[in-house]
Structures are given as C-alpha cells and as structure tokens.
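Novice: Chain order of the listed sequences is A and B. Here my numbering is used: position 353 in the first sequence is 353, and no number is missing along the way. Converting from the second sequence to my numbering requires adding 360 to each position, the first position being numbered 1.
Derived by calculation from the structure, the hints in this document are not laboratory data. There's no promise every hint is true.
With a straight-line cut-off of 30 Å between C-alpha atoms, the simulated DSS-like cross-links for lysine-lysine are [said to hold, decoys possible]: (1) A/Lys345 to B/Lys672; (2) A/Lys127 to A/Lys338; (3) A/Lys287 to B/Lys482; (4) A/Lys338 to B/Lys649; (5) B/Lys465 to B/Lys431.
Number of protein chains: 2
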Amino acid sequence: MQNQNNFALIMAGGIGTRLWPVSRKHFPKQFHDVLGVGETLLQLSYNRLLDVCPEENIYIISNEDYYGLIKEQLPAMTDDQILLEPQLRNTAPCVAYAVHKIAQKNPEANLIVSPADHLILKQDNFKSVAIQAFEEASKKDVLITFGINPTRPDTGYGYIEYDQAHGESGVYKVAAFKEKPDLTTAKEFLEAGNYVWNSGIFVWSVSSIIKSFEKYLPEVNQLFSQGSQVYYTEGEKAYIQRTYEACINISIDYGILEKADNVYVIPADFGWTDLGTWKSIDSQHEKDKHGNSLQGTVLTYDTKESFIKVPKDQIAVVQGLENYIVIYDGNALMVCQKDQEQMVKKFLGDIKEKGHNEFV
Amino acid sequence: MQNQNNFALIMAGGIGTRLWPVSRKHFPKQFHDVLGVGETLLQLSYNRLLDVCPEENIYIISNEDYYGLIKEQLPAMTDDQILLEPQLRNTAPCVAYAVHKIAQKNPEANLIVSPADHLILKQDNFKSVAIQAFEEASKKDVLITFGINPTRPDTGYGYIEYDQAHGESGVYKVAAFKEKPDLTTAKEFLEAGNYVWNSGIFVWSVSSIIKSFEKYLPEVNQLFSQGSQVYYTEGEKAYIQRTYEACINISIDYGILEKADNVYVIPADFGWTDLGTWKSIDSQHEKDKHGNSLQGTVLTYDTKESFIKVPKDQIAVVQGLENYIVIYDGNALMVCQKDQEQMVKKFLGDIKEKGHNEFV
Chain A
1 MQNQNNFALI MAGGIGTRLW PVSRKHFPKQ FHDVLGVGET LLQLSYNRLL DVCPEENIYI
61 ISNEDYYGLI KEQLPAMTDD QILLEPQLRN TAPCVAYAVH KIAQKNPEAN LIVSPADHLI
121 LKQDNFKSVA IQAFEEASKK DVLITFGINP TRPDTGYGYI EYDQAHGESG VYKVAAFKEK
181 PDLTTAKEFL EAGNYVWNSG IFVWSVSSII KSFEKYLPEV NQLFSQGSQV YYTEGEKAYI
241 QRTYEACINI SIDYGILEKA DNVYVIPADF GWTDLGTWKS IDSQHEKDKH GNSLQGTVLT
301 YDTKESFIKV PKDQIAVVQG LENYIVIYDG NALMVCQKDQ EQMVKKFLGD IKEKGHNEFV
Chain B
361 MQNQNNFALI MAGGIGTRLW PVSRKHFPKQ FHDVLGVGET LLQLSYNRLL DVCPEENIYI
421 ISNEDYYGLI KEQLPAMTDD QILLEPQLRN TAPCVAYAVH KIAQKNPEAN LIVSPADHLI
481 LKQDNFKSVA IQAFEEASKK DVLITFGINP TRPDTGYGYI EYDQAHGESG VYKVAAFKEK
541 PDLTTAKEFL EAGNYVWNSG IFVWSVSSII KSFEKYLPEV NQLFSQGSQV YYTEGEKAYI
601 QRTYEACINI SIDYGILEKA DNVYVIPADF GWTDLGTWKS IDSQHEKDKH GNSLQGTVLT
661 YDTKESFIKV PKDQIAVVQG LENYIVIYDG NALMVCQKDQ EQMVKKFLGD IKEKGHNEFV
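Start from the sequences, fold in the hints, and give me the full structure.
Specialist: Below, the structure written as structure tokens:
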C-alpha cells in the first residue's frame, strides 16, 4: 500500500506554442498523443504518478479552459482534484494554490510537482528517485529537485550546478541555477561533471514549501493561505478568480528555489526529455534509412533527415527536402527548416497579428 | 439569334493526374475552381461556348462516374446533352459517339469540340475564331484545328506545322502534327514562325468528320453509326456499354487528323493555357515580391519562387523554400521541387501500389 502522505501535482497549464500546429491554444500539447503511443502526455504523466502515490492524492492544475479535456482524458479524477487557474501566472502561484489546498487536507503531505508535458522513458528509475525524494522530504526541511545527467551540451535546457562535496546517497546541495546557456558554456557544464538539466520536477513537504513561501514570497503565500476557508467549497472558484487577479506572475524557480539555501538535487537518469520542440520529439522517433522521422502515411523522395507528420487518415508526399520539419494538423500546415524551428514563436505571433486567431 | 446548326462538345472525361492532390479520380480538375475565380473549369468552358451556340446544342461527354458532378455544376443541361462513357477510350471513340448522336438530331450540324480543362482568357478572340471556323466548316469539307501562336519554346505541348503558302483569311493548311518536342526543337519551331501549339480544340461539320471516320477509322465509325436506333432512348446506355467494350482506344489526332489531307489550322491568340500542370497554373497567378504564388492564407519566410496552395479555411506557414510546390487539399499534402513536378505521376503510381486508394 502506498504512503497516504504522498501527493502529486501535475502542472498542465502550458500552451506548448513551440509545437504548433499540433499544439493549439484550445488543445495544447499535454493533451495530445504527441508520440503516437496511444496515450496523451497528460495520461502518461498521471499513470506514472500512480506508481508513487494513491490515486486520490493526485492533483492537477491547469487553465480553466482545459477542464473538459482533463475530465475526458482523466475520468477518474474528481473535481476536487482538478485545480483551475483563471489566468496564466507562472509556477509560483500555481504551487502556492496547490500546497495550501493540499495542506488543508493533510498537513503531513509530501508533494511531487511535475509538468504534464515531459516524457520519462525509464519508469523504474523515476519511481525509485521519487520514493527516495519523498523519504528525504518527509524527514528533512529540504526542497528537492530532480536533475537529469546531461548527455549532450544542450542549449535548450536550464542547468543546476550542485556541490559534489555536500551530498550523500546521491542527494546533493544545489550550488546554483543556471539559465539556458550558450553552446560554449553548455560544453563547460558538461565537462565539469556537476551540472544537471533542470527537469522542473520537485519534491517537498507542504510544510517546507509553505515555510519557503512565507520567507521569499510572503504576499503570494498570504493570498493563498487565506483561502483555507473556501478550498473544497463552492466559494473556491470565485476566491481563486479574485486571488489570481491580485497575484504577481513569477516562477517557483526564480521566486524561491534560486534564493533558498535548503535546495537539493538528485542527479538521475530516467530517459527524460521535455518534448518542448519538434526537434526533441523528432529525436524520440525511429528513423528510416535516410534519417527521416515519419508519422502518418508519408512517402518521401530524395528527402533526408526530415520530420514529417500528418494525421492518421491523411497522406504526405514529400520530395526534395533535407533537414526540414513538415507538419499538417487540423487546419494548418507548417514547413520549416529544422535549424529555424525557434521561428515557430514568430509564426504564431504573426498569425495573431494578422487576426487569424482560428489557427492559433 | 445564334446559328441553330452550331453545336458544341465539351470533353470532360480526364482525370488530371498531374494536378494531384487537388485533382482526384473522384473529383478531377475540370470540376475544380483551380484558379480561384469563382467558377470551375467546366463552368468556364460551358459559359464560353454559350457565346457561340445555343444552350440546347451544347453537349458534354465524360465518364459516367462524373454524372453527379456535371448535374451539380451545369444544372441547365438535360440528360440528353450529357454523354456518359463507361470507360476511358481516348478522344476518337468519344468524338464518334457524339457526332453520330448529334447528326441524328441535326445532320447539318457543325461542331466545336473543346476540352473542359483548358483556360481561355480572351473570350472575344475565341468567339471570333470560333465563328469563323463554324463558317468555314459549314461551307467546306474541312477539319479545322485551333492553333495557339507560341510565346515561348514550350516542351509540354504538341505543335502543328502549317503551310503559310496555302491559306487565306488566316486559315492555313496543316503540314504536320508534331509530338511534344525537346527544347532545341521547340526553339526551332518558334523561330520558323509557322508552328503553333495544338490546343485540342476542333471545328468540323458532322458530315465531314463522319466522312473522315469512314475513311480512317471505319470500325469505330460503324460501332457508333449503328447506334442511331437507340440514341435518345432508354437503350442508349446499354448500347454504349457494349460498344465501348468493343471499341479500340485511339486519339482523334492519331486516328484521323494526322492522316487526313483536309485539315486546316487557324493560328490564334486567345490567352490559352491547358492548365495541365501546377507550373502552368502557377504561371496564371499573381506573384508576391518574392515570386511566390500563394492561394489560401499563407505566410512565407525566406521563401522564393514557390507555389503554395491550401483550402480557404486553412493556413500554411512556409519557411526556407525556393522553387517548390506545396499543396494541401482534402486528405493529402504534396511538397515537391518545381522542376521535379513531372514526378506527380510517379507519386500517384506509388500511392496506388501501396494500396492507399483513398488518396488517389
């Protein structure tokens, strides 16, 4: 039987703009079966967490627009487990809301916080790291982050530097959080050996994280602690509406983790990728002999190293492309060079500017 | 009032494979508004012919599969005017069927035969050439073809060589029909000055063409002349079914025009193009400042000299292409270099071979 104090919070409020045109404002990537494995990223996240905490202790926080999608994809979840944000306020308010609500149910709770849109291939490794982290968090006043041992000098991830001299059983004190580096810096990080990718997965007791909120983000903390009268009641929705309007927009990393002195990291390897870009999704796919990743019915001619994706009932015939991304979905087609895929954000901005909101 | 002896035959049986994925077996190009002008190619053809003969004298011949499309697009046409072929047998049987059926209604008929899927921009010029041709055909035992004065050494068209010494009022005796030439030959044709493109539009009296059938394709002629008992009756369909099965597959050009010695051409300029390929359609479109033809909502980045087409309610975002054709329609996407567009036939062959008939 699983530890009744173990809780999970799935953060599923992102829009996943970099995965346009599959990820849309009304249907973001976490609700898609991005990899074509038969489960959406949200369902994969949920099922992964069922391994480390009881079903009724799994909470999800997302934008209120996605309530229907959540109910459809996770029908076992009750409305009490689904926290709805009226607007985007980054991760600190989101965590504050969830920990105060969970603390009211169980002040002894230990909480794992995980984004919905990441991929973890080695479930066993994840499970053992999570269990170890829950144990640490239940015994000590620590904030634990999951670090991924880097396999390449990736410039798309944030890094965590840890102190190799201060650690035991694979849990190390964090020395610093590092923004996405340039390639030279990323190579230095890789060489140094004590840098890991920041997975955005955290474990802490609700008491420890509330203590940190009190210290580093007292106003945010106050806004959500005042809600203890209304959580799990009909008044919750209106209260959250007002609270989010009043609340600042700030990330948990910047607001707390970079400032606190009790932050630890468990460097791990559980086959993690954030699936944040088409390139990262491409890297998860099997390639044909020309290095192409093909999803849907795709015929290629004189085409190499390309990622081509159409829905199941559609066909793509592609001739003469090398290192391209070609994606059709719903009502939109994107053709883009792989090394220009950061332009997706610009594409979306331009589409909005031209008033074509039906394509966003 | 129009001459009651003037008849027209629209040939609309082709599949237009080179315009895949817009042109499909169940919905070929002549039934599409390929240029986005508000009328399909068939409707444009029909309306053009209304200028030169009475409405009730316009006939159409097409595959029986397209009966529904014809009725929908040309609701004024009666079933007697719609000739349905049970199978593809090229243009000679198609003309034989129509002239025998029309001759039964009016043995004095003069007939203009025109493909449904060509574009003519200068309707006035077309009209005066057609009227002149009708007059010639009604007075003399001649087979008249419409030649297009070539504006470039096009290798995609057949040519007609004419005898400049034998002609009056712009009607010249044909010296020879020439298959699609290579570029060197095409340049020689252009320089010579007495070569025109074969538009596939013909004018003749039914008596003259029947005489030619008797001489050059007597078996084909016999098959269709025997039908005079059943045309315009319930027996026509079954009769045509049997007749087409027995009939050879041969073009009117090869079977008659290349052999007959009473073939004339009227060199003309009426803004004609056969719209047979994406490149030819591209050439009809206005270009943006980067030389792109864009149909539908299309955003381009670092993209030049490309033809990009999506349906009205869809968007395409294309980055980093030069000299490409990008077309999405229905359930199929095609990306192809412009100078490789002849591969469309191979694409279709491969799609069929793989059993994906839903995309053909």
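Novice: Of all the hints given earlier, name the ones this structure violates by number, lowest first.
Specialist: The structure conflicts with hints 2 and 3, although it agrees with all the remaining ones.
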